[in-house]
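Trainee: Read off the chains here:
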Amino acid sequence: MTNEIVQQKITELSPTIAFEEGSQWLTLQVESANWHMLATQLRQQEDLCFDYLFCLTCIDWKSHLTMVYHLDSTNYRHNIVVKVKLDKTNPAIETVSDIWKTANFHEREVYEMFGVNFLHHPDLRLLILPDGWEGKKPMLKDFEDPINMIKL
Amino acid sequence: MVEEISSTPAGDIIINVGPQHPATHGVLHLVITINGETIQKVEPHLGFIHRSIEKMCESLSYRQFIYVTSRMDYLSSHINNHACALCVEKGMQVEIPSRAQVIRILMDELTRIASHELWWGAMAMDLGAFTPFFHAFREREAINDIMEETCGARLTMNYMVPGGVMQDIHPNFQRRVKDFIALYKSKINEYSEMVTGNIIFQNRMKGVGFLSAADAISFGCTGPTARGSGVSCDIRKLYPYEIYEQLEFDEILETGGDSFSRYMVRVREMNQSVRIIEQLIDNIPEGDFQAKTKAVLKLPKGEFYQRVETARGELGVYIVSEGGATPYRIKFRSPGFSNLSALDHMARGSKLGDLVAMMGTLDLVIPDIDR
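As given, the protein sequences belong to chains H and L, one line each in that order.
Counting from -19, one number per residue, gives the positions in the first sequence under our numbering.
Counting from 453, one number per residue, gives the positions in the second sequence under our numbering.
Some hints could be false.
Stated by the list, open to error - Each computed DSS-like pair below joins lysine-lysine, with the alpha-carbon atoms no more than 25 angstroms apart:
(1) L:K630 x H:K42
(2) H:K121 x L:K630
(3) L:K803 x L:K507
(4) L:K507 x H:K68
(5) L:K507 x H:K117
Stated by the list, open to error - The following label-pair restraints were derived from C-beta to C-beta distances:
(6) L:E495 x H:S(-6): 43 to 53 angstroms
(7) H:E114 x L:G649: 49 to 59 angstroms
(8) H:N97 x L:E700: 25 to 35 angstroms
(9) H:P102 x L:G488: 17 to 27 angstroms
(10) L:G463 x H:Q(-13): 46 to 56 angstroms
(11) H:N55 x L:D734: 38 to 48 angstroms
To be verified - Among chain H residues calculated to face chain L with C-beta under 8 angstroms, some are:
(12) Q25
(13) C29
(14) D31
(15) I39
(16) H50
Think of the hints as simulated: they come from the structure by calculation, not from any bench.
Backbone N, C-alpha and C fix where the C-beta goes; we use that ideal spot for every residue, glycine too.
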């Protein structure tokens, strides 16, 4: 399916979604409150069938955080990118690990590295960082570690 | 294997495998809950070799960061470098000379064979057969020698640069590769005689660690792990890069979904890599091996994503650029991380002794998982 048809179908699902121009793939901007419902629809709707979440990450834009979800359909081979803007103070978003199981680990990584709180996540614990890690989240831009970080 | 045993009220026992355990092939820590001999839950603890490569890359230039990625999946370092180079080239919109493209694919496929060789030897060793390891290393050494001659390194090659490859191939390269293919073809039958056809080996692999196609997709499994469940996911076929679309090779699919299927995918995939190399080795076009690029690379503001097929599955490189000489954010979507997440699902309900057979066919490389 071409991007235009996918865009049309997603607009039918939720008319308020904003699309971003000029990227490799069709990019959607979604409000965090609407994300879980839209994700369920993207996964379950027969003619969209985004069943493969191949990348889940977060970007720290200093003023806010952006969650980025890369989706692929193994049936139709169309891709989209979903971006969800989050507040810097107390970032929280609904988990999608009930829709795509791979999100479980990826969300745990984002949780410990960026401090995003995934609501209703089944097992939100530290994955990579040592137990009892305190202090700033390492992947945030204002993280400082004078001993281990080498600035070039 | 048992380092620390504690009992829980339900009669379950929690045991630790790793972080220092030969079957985990690196510093992976699994906390396993068992009842009798049946696995209830497998909980991976990661981070023992976490170097925060993504954070490190934010302070390195677009030429420098590629070298760090050799240290992620050190068994397919060419392919990691390739993914990064492609992503930077996508941002700069550079045309790569056809000679460089062919050399890159040759290197990728040689790496894939070397990686699968090591996996094959280690897999057999995990199940108690020690000899295959030496047989696998005999062929792998031949590849490492070829790499050493051309790239100057045996493991972390750092050979791909934005715009092409670092230097031209060694004059002996073509002859050595042909010698290797002759060696490989004379020895590959030993593999099936020694391991694949062995009834003890088959009994330990068949029906172990079942993963359905739907689960493989949902867990984000890629590479031979997913293809063993019949999921078509070869990026070389689906989203071809370089000149893969002009080459003849098959995507190997097995539908069993168990450890033996995943094993067969890798063994058969080596033959396909040889097929690709045979098509290219006599047809390396003349010309430049590197496109002309500026000394300081700058990517335009935007986001670039490149997917490639490593020996373990799909590697994604996601670069967010603000227009500067260093990336604003880099994410490596590593294949091992997602493949490992399926281990808990696969292992539940099986016997503890089968865990090694499952982990072996996931082909875990811990620095790739931790990054």
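Trainee: Does the CB of H:I39 sit less than 8 angstroms away from some CB of chain L?
Mentor: 5 angstroms, holds
Trainee: Does 25 to 35 angstroms hold as the CB distance between H:N97 and L:E700, or does it fail?
Mentor: 50 angstroms, violated
Trainee: If I claimed the Cβ atoms of H:P102 and L:G488 lie 17 to 27 angstroms apart, would that claim hold in this structure?
Mentor: 26 angstroms, holds
Trainee: Assess, step by step, whether the Cα of L:K630 is no farther than 25 angstroms from the Cα of H:K42, and give holds or violated.
Mentor: 54 angstroms, violated
Trainee: Mind checking the alpha carbons of L:K803 and L:K507 for me, to see if they're no more than 25 angstroms apart?
Mentor: Violated, at roughly 39 angstroms.
Trainee: Hint says 49 to 59 angstroms; check whether the CB-CB distance for H:E114 and L:G649 agrees.
Mentor: Check passed, 55 angstroms falls within 49 to 59 angstroms.
Trainee: Any CB of chain L closer than 8 angstroms to the CB of H:Q25?
Mentor: With a closest approach of 16 angstroms, the H:Q25 hint is violated.
Trainee: Given a cut of 8 angstroms on the nearest C-beta pair, is the interface hint for H:D31 held or broken against chain L?
Mentor: Holds: closest Cβ of chain L sits about 5 angstroms from H:D31, inside 8 angstroms.
Trainee: Are H:K121 and L:K630 close enough, with their CA atoms no more than 25 angstroms apart?
Mentor: 50 angstroms, violated
Trainee: Given a hint of 43 to 53 angstroms, does the C-beta separation of L:E495 and H:S(-6) actually sit inside it?
Mentor: Between L:E495 and H:S(-6), where Cβ atoms are some 37 angstroms apart, the hint is violated.
Trainee: Taken at face value, is the distance from the CA of H:K68 to the CA of L:K507 at most 25 angstroms?
Mentor: OK: L:K507 and H:K68 at ~19 angstroms, within 25 angstroms.
Trainee: Should the hint that H:N55 and L:D734 are 38 to 48 angstroms apart at their CB atoms be regarded as holding?
Mentor: Check passed, 39 angstroms falls within 38 to 48 angstroms.
The structure fails to meet hints 1, 2, 3, 6, 8, 12, 13 from the earlier list, while all remaining hints are met.
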